[in-house]
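Asks: One-letter residues, chain by chain:
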Amino acid sequence: MLILGIETSCDETAAAIIEYKPLKKVLSFKIISNVIFSQIPIHIQYGGIIPEIAARAHIKNILPVIKKSLKNIDFKKIDLIAVTQGPGLITSLLVGLETAKALSYAWKKPLMGINHLQGHLAANFIEYESKNVFPAISLIVSGGHTELGLIKKSGHYQKIGQTRDDAAGECFDKIAKLLKVGYPGGPAISKMAEKINNKSNNIYFPRPMIKTNDFDFSFSGLKTAVLYFVKKNKNKLEKKKFIQNICAETQQAIIDVLIYKTIKASKKYRAKSVFLSGGVAANQELREQFKLQVCKLPNNIKFFVPSKNFCTDNAVMIAIAAGLKYKNLNKNQKSQLKNNWQKIKVDPNLEL
Amino acid sequence: MTIITQSEKQTLNLGKKIALELKGGEVIGFIGELGTGKTVFIKGLAQGLNIKNIITSPTFVLMKVYKTKGVIKQLCHVDAYRLNSSQDLIDIGIKDYLSKKTAVTVIEWANQVKNILPKNKILVKIKFGKKQNQRILEIIK
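Those sequence lines, one after another, are chains A and B.
All residue numbers in the first sequence are consecutive under the working numbering, ending with 352.
All residue numbers in the second sequence are consecutive under the working numbering, ending with 1141.
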């Protein structure tokens, strides 16, 4: 079946078409097209996403992006339209969802609302076969979320931990703003951190909540620690090396907590695999250190992380998530999808 | 009214205490730098309103709404950190909550969106104290 995925939850306007063969044991996807219009250059000057501007850019780009994703495919051949329903910015979400509803009505095609986080998680199935991977531990890290989940089997998800304040990506953004190194904060900080080869500096930031007994995170305190440190060392801020050192330590503090808690969870739940996803999963240091630590675990636990371009927001992951969801629906539920254009509503605070 | 707290815990408890005085329909604006504890205060406020959810930063989605029981039925948590004008908040639907008698609206970085705040707003200004973890809170009604 052909699935058209549409994603506009934040600042990327994206559409993709995948071909999905629902086989029994092995999942098989083929990406036909993957179109993304990134608004990052538009928002750079504001140091963050401005909702009104994002919505206008989505409106301007959504139809050209969908058209481009269709290539030469006749819309009649599309079997299912999948669209991000939330979480995200309401003004951005609305553009994608209303467009998808209009297409569903006009083309008479079934419509499925997809949780954006489910999309990130599903990105792990784009390039790998999912055989004998459950139970699995999933860590989704992005600008809006930091969430640990247990997946006992396909279609199952149970949240076991989350951030109690700021998301990891948000922590990167806020600290980057504090240090004036650029936007988006994650790539800006990791670029500065890259310049430090051997960490011989004496800068140390806390690893918040690393020793607590739960699987929750907290990044607000790290931001405050960096703030105090910067205030105390105002005279050194002009030295590039000093800023680079702060960036390296900030990044390491975030990575340490993320890995520590995920490893702890995978031990507790005897996971057969670990899934890492979300925009922050595009961070090279995080990917490498994560892989190293998971590989050190006994029992050959598998480690999955999507290619970097599938970590950041895209529509392929939304289409794949729809495919996985569709597989588990019964006949009646499948036939209900055609009425969804009348029912689906955006939910900016949707939970997984 | 000016209050000095010595720890995060005290700031949280102050939020809890203030929550008990709320009747519904209030709009509370928070002004203070990064790391002064605006969210901590609001976490306390939410606990005082009997909200069981974890209050996480709304910076990314700009607005999060939590449900509770009693006269006050909703806590609307807004973050204007990234915004240039109050129009952005109107776009995402803040007016649904500003005039609601059964909702309490709390706005972080209220100084960025001054013209959306109603006349009867409550302002909470938070500053760093001299000692680490010390905060000076000024509550203006």
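What the hints contain is simulated information worked out from the structure, not anything from laboratory work.
Do not rely on the hints blindly, as some may be mistaken.
[As the list claims (entries may be wrong)] Ranges between beta-carbon positions, derived for each pair:
{"#": "1", "chain 1": "A", "residue 1": "K21", "chain 2": "B", "residue 2": "V1071", "range": "21 to 29 Å"}
{"#": "2", "chain 1": "A", "residue 1": "Y157", "chain 2": "B", "residue 2": "I1004", "range": "42 to 50 Å"}
{"#": "3", "chain 1": "B", "residue 1": "N1053", "chain 2": "A", "residue 2": "A102", "range": "31 to 39 Å"}
{"#": "4", "chain 1": "A", "residue 1": "K267", "chain 2": "B", "residue 2": "V1071", "range": "25 to 33 Å"}
{"#": "5", "chain 1": "B", "residue 1": "K1141", "chain 2": "A", "residue 2": "D256", "range": "38 to 46 Å"}
{"#": "6", "chain 1": "B", "residue 1": "D1096", "chain 2": "A", "residue 2": "K343", "range": "51 to 59 Å"}
{"#": "7", "chain 1": "B", "residue 1": "K1009", "chain 2": "A", "residue 2": "F75", "range": "34 to 42 Å"}
{"#": "8", "chain 1": "A", "residue 1": "K153", "chain 2": "B", "residue 2": "I1090", "range": "56 to 64 Å"}
{"#": "9", "chain 1": "B", "residue 1": "K1141", "chain 2": "A", "residue 2": "K327", "range": "37 to 45 Å"}
{"#": "10", "chain 1": "B", "residue 1": "V1071", "chain 2": "A", "residue 2": "D347", "range": "20 to 28 Å"}
{"#": "11", "chain 1": "B", "residue 1": "T1102", "chain 2": "A", "residue 2": "L329", "range": "53 to 61 Å"}
[What the hints assert, rightly or not] Calculated from the model, a selection of chain B residues having no Cβ within reach of chain A, i.e. all distances over 12 Å:
{"#": "12", "residue": "G1035"}
{"#": "13", "residue": "S1099"}
{"#": "14", "residue": "L1123"}
Just so it is clear, the structure is predicted and the values come from calculations on it, not from any experiment.
Backbone N, C-alpha and C fix where the C-beta goes; we use that ideal spot for every residue, glycine too.
Asks: Hints first: check each against the structure and report whether it holds.
Replies: Results for each hint:
1. Judged by the Cβ atoms, the range 21 to 29 Å given for K21 of chain A and V1071 of chain B is violated: they are separated by roughly 55 Å.
2. The hinted range of 42 to 50 Å is satisfied by Y157 of chain A and I1004 of chain B, whose Cβ atoms lie roughly 45 Å apart.
3. With their beta carbons about 34 Å apart, N1053 of chain B and A102 of chain A fall inside the hinted range of 31 to 39 Å.
4. A hinted range of 25 to 33 Å for the beta carbons of K267 of chain A and V1071 of chain B is inconsistent with their spacing of about 46 Å.
5. Look at K1141 of chain B against D256 of chain A: about 44 Å separates their beta carbons, and that is inside 38 to 46 Å.
6. For D1096 of chain B and K343 of chain A, the hinted distance range of 51 to 59 Å is not satisfied, since their beta carbons lie about 21 Å from each other.
7. Range check, K1009 of chain B to F75 of chain A: Cβ separation about 59 Å, and the 34 to 42 Å hint is violated.
8. Under the hint 56 to 64 Å, the C-beta atoms of K153 of chain A and I1090 of chain B, about 45 Å apart, miss the expected range.
9. Under the hint 37 to 45 Å, the C-beta atoms of K1141 of chain B and K327 of chain A, about 57 Å apart, miss the expected range.
10. Checked against the hint of 20 to 28 Å, the C-beta distance between V1071 of chain B and D347 of chain A comes to roughly 26 Å, which is consistent with it.
11. For T1102 of chain B and L329 of chain A, the Cβ-Cβ distance of about 38 Å falls outside the hinted range of 53 to 61 Å, so the restraint is violated.
12. Not every C-beta of chain A lies more than 12 Å from that of G1035 of chain B, the closest at about 4 Å, which undercuts listing it as non-interface.
13. Distance check for S1099 of chain B against chain A: the nearest CB is about 19 Å away, which clears 12 Å, and the non-interface claim stands.
14. Here L1123 of chain B stays apart from chain A, with its beta-carbon at least about 22 Å from theirs, past the 12 Å limit.
Hint compliance for this structure: hints 1, 4, 6, 7, 8, 9, 11, 12 are broken, all remaining hints hold.
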